[in-house]
Amino acid sequence: MGRGDSELDGWSLSSELRLVITSLRDIVESDLLRRALIEAMIVGALGGIIGVHLVVRRLSFTAMALTHATFPGVVLAAILGINLLAGSAAFGVLVVVAIWLAGRRPEVDNSTATGVVLAGGFALGVLLLSAQAGFSRDLTAYLVGSVLTVTTRDVIVAAVSAVVIVIVLAVLHQALVFSAFDRVGAESAGLRVVWIDLAMLALLELTLVVSLPTVGTILSVALLVAPASTARLWVDRIGASMVLAAVIGALCGLVGLVVSNMADTAAGATIAVVAGATFAVSLVIAPMVQRQRSASVRLA
Amino acid sequence: MYHLFVEPFAVGFMQRALTVSLIIGAVGGVIGVYVVLRKRAFFADTLTHTVFPGVAIAFVAGGSLWLGALLAGIASAVLFTLSTTNRRVDDDAAMAILLTTFFAIGVMVVSRITTYTNDLVVLLFGRVLTVDRGEIITAAVLGTAALLIVAVLHKELVFQAFDPEGLRAAGYPPVLLDLAANIAVTLVVVAAIQAVGTVLVIALLVTPAAVARLLTRSVGPMIAAGATVGVACGYLGLVISYSASIDHELRFAAGATIVVLLTVVFVVVTLATGGARRLRARRVVTVQ
Numbered sequence: 005m006g007r008g009d010s011e012l013d014g015w016s017l018s019s020e021l022r023l024v025i026t027s028l029r030d031i032v033e034s035d036l037l038r039r040a041l042i043e044a045m046i047v048g049a050l051g052g053i054i055g056v057h058l059v060v061r062r063l064s065f066t067a068m069a070l071t072h073a074t075f076p077g078v079v080l081a082a083i084l085g086i087n088l089l090a091g092s093a094a095f096g097v098l099v100v101v102a103i104w105l106a107g108r109r110p111e112v113d114n115s116t117a118t119g120v121v122l123a124g125g126f127a128l129g130v131l132l133l134s135a136q137a138g139f140s141r142d143l144t145a146y147l148v149g150s151v152l153t154v155t156t157r158d159v160i161v162a163a164v165s166a167v168v169i170v171i172v173l174a175v176l177h178q179a180l181v182f183s184a185f186d187r188v189g190a191e192s193a194g195l196r197v198v199w200i201d202l203a204m205l206a207l208l209e210l211t212l213v214v215s216l217p218t219v220g221t222i223l224s225v226a227l228l229v230a231p232a233s234t235a236r237l238w239v240d241r242i243g244a245s246m247v248l249a250a251v252i253g254a255l256c257g258l259v260g261l262v263v264s265n266m267a268d269t270a271a272g273a274t275i276a277v278v279a280g281a282t283f284a285v286s287l288v289i290a291p292m293v294q295r296q297r298s299a300s301v302r303l304a
Numbered sequence: 002m003y004h005l006f007v008e009p010f011a012v013g014f015m016q017r018a019l020t021v022s023l024i025i026g027a028v029g030g031v032i033g034v035y036v037v038l039r040k041r042a043f044f045a046d047t048l049t050h051t052v053f054p055g056v057a058i059a060f061v062a063g064g065s066l067w068l069g070a071l072l073a074g075i076a077s078a079v080l081f082t083l084s085t086t087n088r089r090v091d092d093d094a095a096m097a098i099l100l101t102t103f104f105a106i107g108v109m110v111v112s113r114i115t116t117y118t119n120d121l122v123v124l125l126f127g128r129v130l131t132v133d134r135g136e137i138i139t140a141a142v143l144g145t146a147a148l149l150i151v152a153v154l155h156k157e158l159v160f161q162a163f164d165p166e167g168l169r170a171a172g173y174p175p176v177l178l179d180l181a182a183n184i185a186v187t188l189v190v191v192a193a194i195q196a197v198g199t200v201l202v203i204a205l206l207v208t209p210a211a212v213a214r215l216l217t218r219s220v221g222p223m224i225a226a227g228a229t230v231g232v233a234c235g236y237l238g239l240v241i242s243y244s245a246s247i248d249h250e251l252r253f254a255a256g257a258t259i260v261v262l263l264t265v266v267f268v269v270v271t272l273a274t275g276g277a278r279r280l281r282a283r284r285v286v287t288v289q
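Here the protein sequences line up with chains A and B, keeping their order. Positions in the first sequence are counted from 1; adding 4 to them yields our numbering. Positions in the second sequence are counted from 1; adding 1 to them yields our numbering.
So here's chain A without its partners, still in its complex pose (with noise of 0.2 Å):
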């Protein structure tokens, strides 16, 4: 390959383009890199479908706090030797009542409380982990995320549980993009809008529970609202923005896989890599080609 690139110009560019193919054929040939690519995949649809239910609603930064502010169930479930993952979706419970709790008086606004509870909640994991002498690798994994790692049982619930919370956004969706769009409107129509809100915090929970394995806690709200945001640039319409964010998030998957697998990188980070990457692009294309639109329709 060295020699070629030397010889002909054009050829660096088909050297790139086999590089590609090779490592699509490693991936398809081997077990662990097909398992890998599955779970990114259903991962990255699947955060692209409530991720824009989650961009309306503006709950990035409840996101993020509750990937962070579950630390403590994850570091108690691996003292008392109990499923992680299960300690912290028992924790995000707490953390949804906390921030509620503590933005209740008007002197403080919700993105107080919710920093609050992010920084708290995640140092009191800290201080527990502090106070247990030595462990720290399971935990590694669960801020970066080892898509190389998950097992056939991780997929099989990862899917599953993409199925669950696709069939209740669909049975829900008229209540939810609703009271996202029309708080008042909603509750005077006679919808239940806190009941509609915590079934929301719900299915982003346990979105965020079966993303974990694969890209980690803080790169698991890369995947649920780059995708989506990218989406809503391109398109206004709910339930479209819904359709392109899961094929944008699916592909998000399979090209950072793809990437990290050439460039030797982390596997979950390329994938937010590239997540960021087609947001930023879509930013810049985005609005040219809808100027261009509206021209051309000007002109007919």
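Certain hints may be false.
To be verified - Distance condition first, Cα-Cα at most 25 Å in a straight line; then the derived SDA-like pairs of lysine to any residue:
{"hint": "1", "chain 1": "B", "residue 1": "Lys40", "chain 2": "A", "residue 2": "Trp238"}
{"hint": "2", "chain 1": "B", "residue 1": "Lys156", "chain 2": "B", "residue 2": "Pro222"}
{"hint": "3", "chain 1": "B", "residue 1": "Lys156", "chain 2": "A", "residue 2": "Glu111"}
{"hint": "4", "chain 1": "B", "residue 1": "Lys40", "chain 2": "A", "residue 2": "Ile25"}
{"hint": "5", "chain 1": "B", "residue 1": "Lys40", "chain 2": "A", "residue 2": "Leu152"}
{"hint": "6", "chain 1": "B", "residue 1": "Lys40", "chain 2": "A", "residue 2": "Val161"}
{"hint": "7", "chain 1": "B", "residue 1": "Lys40", "chain 2": "A", "residue 2": "Leu202"}
{"hint": "8", "chain 1": "B", "residue 1": "Lys156", "chain 2": "A", "residue 2": "Pro110"}
{"hint": "9", "chain 1": "B", "residue 1": "Lys40", "chain 2": "A", "residue 2": "Asp201"}
{"hint": "10", "chain 1": "B", "residue 1": "Lys40", "chain 2": "A", "residue 2": "Gly107"}
No lab work stands behind these hints, which were simulated from the structure alone.
Given the coordinates of chain A, work out where chain B should sit on it, guided by the hints.
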């Protein structure tokens, strides 16, 4: 009393930890008031993560970690300020994407080298007990720069926090003001992050100010209260962490102890002021 409150600081590393905690506690408490009034807690959280790739790249390239963090922080402050001018992108989503993408770039960079889990742990948890003199001086310089920015722009920043439309109508440039405030927060984050880790920074930027907001309605006293709470919890947190480790064999991480203490203060003040308010309301009713 002497044994509990003074003796811990007879050792050099505890003196340095105390100095840096007091500096960051005071600066964080002051800048935090602007963060809380402007409802920008999420931005503080975003910055604590976006400086990471700067640190990581500087580490790999062998450059100054401070400079790397500062450049990455300023880059993310500029990008965020720009993205808020696009109406199709929600502020919240823009911050989340910046946070995760920048952080992921950092993880990608360090994952190519050595034992990256170690560096990640230090970034998250900090190591306030091992700061050296140079780090204290850098923290003091960056903290002072942040205080200077808000001192010069105080009136405009408060105006913008309470009435952004009015500010625009009065002819001030809102984007530039936003940028200045965001850079002040960046300076605090960079000043603090090497010493105390991401979690402590966000706590010091949000919690003391939230407590101050509960205690008073006017901005001046709020700033004084924020700084006081930040300094007091920095000091007491170190005392508790030291005494737990030495006297009771409980190893409490110093940074985390400060944050948990801040959170406890927030809870107590919320309950106390809530109770006081209810009492006052009842008294008004009986008088009438």
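These are the hints, each one checked on the structure:
{"no.": "1", "hint": "B:Lys40 <-> A:Trp238", "result": "29 Å, violated"}
{"no.": "2", "hint": "B:Lys156 <-> B:Pro222", "result": "15 Å, holds"}
{"no.": "3", "hint": "B:Lys156 <-> A:Glu111", "result": "21 Å, holds"}
{"no.": "4", "hint": "B:Lys40 <-> A:Ile25", "result": "48 Å, violated"}
{"no.": "5", "hint": "B:Lys40 <-> A:Leu152", "result": "39 Å, violated"}
{"no.": "6", "hint": "B:Lys40 <-> A:Val161", "result": "38 Å, violated"}
{"no.": "7", "hint": "B:Lys40 <-> A:Leu202", "result": "23 Å, holds"}
{"no.": "8", "hint": "B:Lys156 <-> A:Pro110", "result": "23 Å, holds"}
{"no.": "9", "hint": "B:Lys40 <-> A:Asp201", "result": "21 Å, holds"}
{"no.": "10", "hint": "B:Lys40 <-> A:Gly107", "result": "12 Å, holds"}
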